Structure formats: structure tokens, C-alpha cells
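With chain U's structure known, arrange chain G on it following the hints.
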Amino acid sequence: AQSVTQLDSHVSVSEGTPVLLRCNYSSSYSPSLFWYVQHPNKGLQLLLKYTSAATLVKGINGFEAEFKKSETSFHLTKPSAHMSDAAEYFCVVSDRGRTDKLIFGTGTRLQVFP
Amino acid sequence: KAGVTQTPRYLIKTRGQQVTLSCSPISGHRSVSWYQQTPGQGLQFLFEYFSETQRNKGNFPGRFSGRQFSNSRSEMNVSTLELGDSALYLCASSLGGSGSPETQYFGPGTRLLVL
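Protein chains in written order, with the working numbering: chain U, 180 to 293; chain G, 24 to 138.
Bound conformation, chain U alone:
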């Protein structure tokens, strides 16, 4: 079965410093992976999506993620954090087959200090 593990429940950074949110996946086939962000009292917004076209995926708001098959990882990074990046981030894998079912990680809460 497909699954994702987010290695940190909370990450705190200072504004202007790099962001690293870690995610490992488990899949018996080549997975489709996503990062979604959820701001307080808001729905989920797609940051980026990997579907095997390129291992380095660029998303919105300066975020990017690198698919590393050898490490079964899909970590999310941003060179310089902004206060508006403070939110909950979810690493997500798509279930196998003819379905849109998404399997979510437990989330990482990102705090950004001035």
C-alpha cells in the first residue's frame, strides 16, 4: 500500500532562512507525489506535483521538491522563508489505479519568526 511519512511535526525558522520539510514515501510502483499547504481556517492549496517527468519539481511561491528514488524521499524546500509561509504542509501520495484518492501524511506545521 502507498503511504507517506512526514518526519517532523513542527519546524521553526527565521524569516529569510531556508526551509526544509521532510517526507519519505512508500510505494510498490512509481508514485505520484504532491505537497499541499493549508493556511488556518482555509482549504488545501496545491504547491507542487511530481509525476515522473522531472525529479526536481518547482512549485508556487518559490517552493520546490526533489524526488529521490534511492532515498524514497520527496523533501520540500524554499531558499528564503517569508512570514506568509507559516502554515500546515502535507506530503501526499496518490493511490494506485483509476482513482483520484489521495493519501495524506500527518502534516508539518511551519512557524516563521521575524
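Just so you know, the hints here were simulated from the structure itself, not pulled from any lab data.
You may find that some hints are simply not true.
Stated by the list, open to error - Think about it this way: if two alpha-carbon atoms lie no more than 30 Å apart in a straight line, the pair counts; the simulated DSBU-like pairs of lysine-lysine are: (1) K247(U) to K237(U); (2) K248(U) to K228(U); (3) K221(U) to K36(G); (4) K80(G) to K228(U); (5) K221(U) to K80(G).
As the list claims (entries may be wrong) - Here are some chain U residues pointing at chain G (derived, C-beta under 7 Å): (6) R201; (7) G222; (8) L223; (9) L227.
Keep in mind the model is a prediction, meaning the values are calculated, not measured.
The beta-carbon is built from N, C-alpha and C at its ideal position, and this holds for glycine as well.
Chain G in isolation, oriented as in the chain U frame:
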């Protein structure tokens, strides 16, 4: 293009009652999925509809049901509400039908409180 809309946004019910939540997908989208989000269990898949047919179902009791109409709008119903059903219910839509995972767009959610 308008995004995914969900109504109502907030709802308070008592145990034993039933509730119906509504989701209108992005125009042209034919797939609608529902998720439950709670602090303890996180985000869990409820079910997915495509062209009025349930295409996939999560591990929830039969009290949770859904349907999709010919215009792709979807409703989910929870009968005999329990305290543990208090959650944020999120709806997502996608074009659907391509056979490969597509980008899903989420609505703002309906926050249900069961007293």
C-alpha cells in the same frame, strides 16, 4: 473560473441527528472526492465520485454516504451523528477520467460540530 464551493461553511448538530453537506466542483470537473480532517486522525479519504458513480470508498461506517448529480455537484450525508464526527469536511474536484492522478482542487471545507 470559480473554485470549489462548499455549503454550509459551519454547522452545529446534536448527537443522533443527520446532516447533509454540499459541494459544487469547478466547472467542467467530473470527479469529486470527500475527505474528513480531524486533529487526531488527520486527513482521511471518505469517497470519490465520477460521472455519478462511486469510484472509490474509504474505511468509514455506512452512516457516511454520498452521491453525485448529473451536473457533477455532490452531497455527502452523515446519519446518526456521533461526537467523533466533529471535523472539517473537505471536498475536492478534478477533471477525472484520464486514468492517471490529476490535480485536485479543494474547497474551503464545512466545519461540523456535533454536541
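Task: Numbers of unmet hints, in rising order - done: Violated: hints 6, 9.
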